[in-house]
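Those protein sequences? They're chains B and X, same order as listed. Oh and the first sequence: position 216 is 216 in the numbering used here, straight run, nothing missing. Oh and the second sequence: position 260 is 260 in the numbering used here, straight run, nothing missing.
No lab work stands behind these hints, which were simulated from the structure alone. Yeah, the Cβ is synthetic: ideal placement off N, Cα and C, and Gly gets one too. Check each hint, because a few of them may be wrong.
Derived list of chain B stretches under chain X, where covered just means 3 residues or more per stretch with a C-beta under 8 Å from a C-beta of chain X [what the hints assert, rightly or not]: (1) 91–98; (2) 338–346; (3) 472–484; (4) 487–497.
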Amino acid sequence: MAAPLDQKRPDLSRALVDAGFAALVTFGLSFPILALRTEQDMQNRLIVEPRWSWSVIAVMVVFCARLLAGLLSDWRARALAIPGALIAVFGAHMGVTQALTHGAGITALGLALLIGAFALDARLRDAPAPVAAPRAERADRSRLISMAGLAALFLFPFVMLAWLGPQGSLKWINNYGVQILIYVMLGWGLNIVVGLAGLLDLGYVAFYAVGAYTYALLSTTFGLSFWICLPLAGVLAAFWGVILGFPVLRLRGDYLAIVTLAFGEIIRVVLINWTDFSNGYAGISSIPRVTFFGVPFTAADDGFAAMLGLEFTPIHRTIFLYFLILCLALLTNVVTLRLRALPIGRAWEALREDEIACRSLGVNTVNTKLTAFALGAMFGGFAGAFFAVRQNFVSPESFTFIESATILAIVVLGGMGSQIGVALAAVAMIGGTEILRELDFLKQIFGESFDPAQYRMLIFGLAMVVMMIWKPRGLISSRTPSIFLKKRTAVAGSLVREGRG
Amino acid sequence: MSRWLTDPLLTVEGLTMRFGGLTAVSDFHFSVGRGDITALIGPNGAGKTTVFNCITGFYKPTQGRLALARTGVANPVEVEALTRSGRRFATMQSGDLFLLERMADHEIAQRAHVARTFQNIRLFAGMTVLENLIVAQHNALMRASGLTLFGLFNTPGYRRAERAAMARAVGWLERINLVERADDPAGALPYGDQRRLEIARAMCIDPALLCLDEPAAGLNPRESAELTTLLRSIRDDDGVSVLLIEHDMSVVMQVSDHVVVLDYGRKIADGAPQAVREDPKVIAAYLGVDDEAEVIAAESEIAAIAGDSP
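Kindly generate the complete structure, drawing on both the sequences and the hints.
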């Protein structure tokens, strides 16, 4: 937006050259990945089956997208033009292969969007740049936004229930609401260790496992209720956090990452092999389900539905689980925000900035690191207990390294240390994965065997690369000071250190 | 007038530090007078920073005793008794006594109240100027927050402690002329301001001894003059003893009450600034030796070359 005026005018020849180059790169990349496919034939021999059409489609899509981006200078116009182009292509394809009239209609819609984008771009180019809102107004607005977000989170299950009914809303509340909130909570927990204290932890899933098995074992062997097991799960996870913390106190950076990674694996391998304790691969099943403070969610006469005089449906339990994890996640957030403004939280951040300076100021770095590990682990343990009560089945399969990597990716993607950034990243990563399952219309383009969910990791990797280029310090990289004299000014991300262990 | 002999705050005896086969400091004796500005000088690589790191606990000395008498004059008998007892510190009849060589770095800052700055500035760059000064008061605030428990519920006691910490920080910001920049990140300050902020941060731990590692490095003459004023004010108004390593001789000669010179890990001079300045050994260490034998050897070499080509 701050570009000089002469660069604002789109230049067709430059855009064409640029798009051609992008298409060439795409061809180079897509040739080995998309165009050459190896198959086994009837004699079990490996043969190459070319898929040139895939490569050609990829090249064309990139060419068009890049050309549009080159011709449109404003990001809002680009955001409008790219779906327009996609819809137009989809419509054209449909017109040729299936129904001509439908296809023509969709193509027209796409073209209309494209024309709209060009018109919008022309208008925005001549409009003056918007003036930033004054600081006080912005602070008010951000408070308003967070209140509205909180209200939306509390109303979400009821809106879904009213809109889609008990059957239709189950998926949205469970797969989206509960699943995303679990990862938001895990992200916030890990954020204490990685984002605030700057200790790179690759084995966070171990504490999640400790929490889950705590509830699973205590409830199945001793019949303890969830509300007793929840704090116990937190305490035990924190204990294991300290156990991990001690040997790694002197390690930094890569070495710390390797040891924490090993710790995560040790917990999982012990759970697999110590069959007397954890029942190995088979896991622990028939874990008691969650109750409404003692009232079960069943169709029985003493059940929750009967108590309130409602018709029984399983959605009641799901909604209760949703509120449970929402409260746990909010607890994590409130505690973390409060700790940040206390000496312990400042010591974590100071530790991330410069450990030697910390020691010269009398900060006990051993205690500081151990409390960070313990508190991060405690919230992981809470989330684990919730996981067990939600699934009513736990097995070591749920606690593999990829879980740790996902949680760490959420923290890094969100911007280390930023609470709202981590929440947004969890929505994008977990919600995005779920959304891929919904994209059935893509089958009409790529054929029946196309399953977008299988491309999860590819998209994941691409998103990571794009993030590294576009926002290397995460979605929200600036740091909010914990205390201020006159006004709270965010610290630019480039000044904040990431911690080396 | 030599306070370092009559009322020493810190007494270093037989300090030796070896790194493998390299002896960085050997059998070094000196003392820091209470209320003095003591300068530790010497050529590059003389072992000054090693001595600093031993005093502040960043290195464990190979040999030697570093006794700090925070209150009152240390009685040699009591120092000996504490050394034999195997304890790190104790309250004796003559006052609090600390054996720094036995204590960990953060303990030295927290209990013995020895603060330090670094040769390459170590501020918390991503935290604001104010936050840097609040982190320095970590231990006081930690106690007030009841190890975080009271702080979590924001009890009046904790709020009072936080306000006191804030007042102290603001007081220091006023002294170093940085109040206006209190909410700016420390990493965004100009170099000279960062140096002053690091000193203010060290002062916020309420030190008995302030160790400054080359505080005037990279400062312009005006900033050096400001630093001299600040150091004098720390000595006279706050009653804090200062130990500094410095290469800028104008600063050293202006502010110090006592100068100790180190060369190749050994002490070569110790005394009042004027006396040290005129010490031939110090001049030799800084400017090189007027070595008779070396001169004769060089002259004969030249004569030989001249003789070869008539």
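| Are three or more residues of the segment 338–346 of chain B within 8 Å, CB to CB, of chain X? | holds (count 6)
| task | Three residues minimum, CB to CB under 8 Å: does the segment 487–497 of chain B make the cut for coverage by chain X? Let me know. | result | holds (count 8)
| Within 8 Å of chain X's CB atoms, at least three CB atoms from the segment 91–98 of chain B: coverage verdict | It is violated, with 0 qualifying residues against the three required.
| Holds or violated: the segment 472–484 of chain B covered by chain X, criterion of 3 or more residues with Cβ-Cβ distance under 8 Å? | holds (count 5)
Checked against the numbered hints given earlier, this structure breaks only hint 1.
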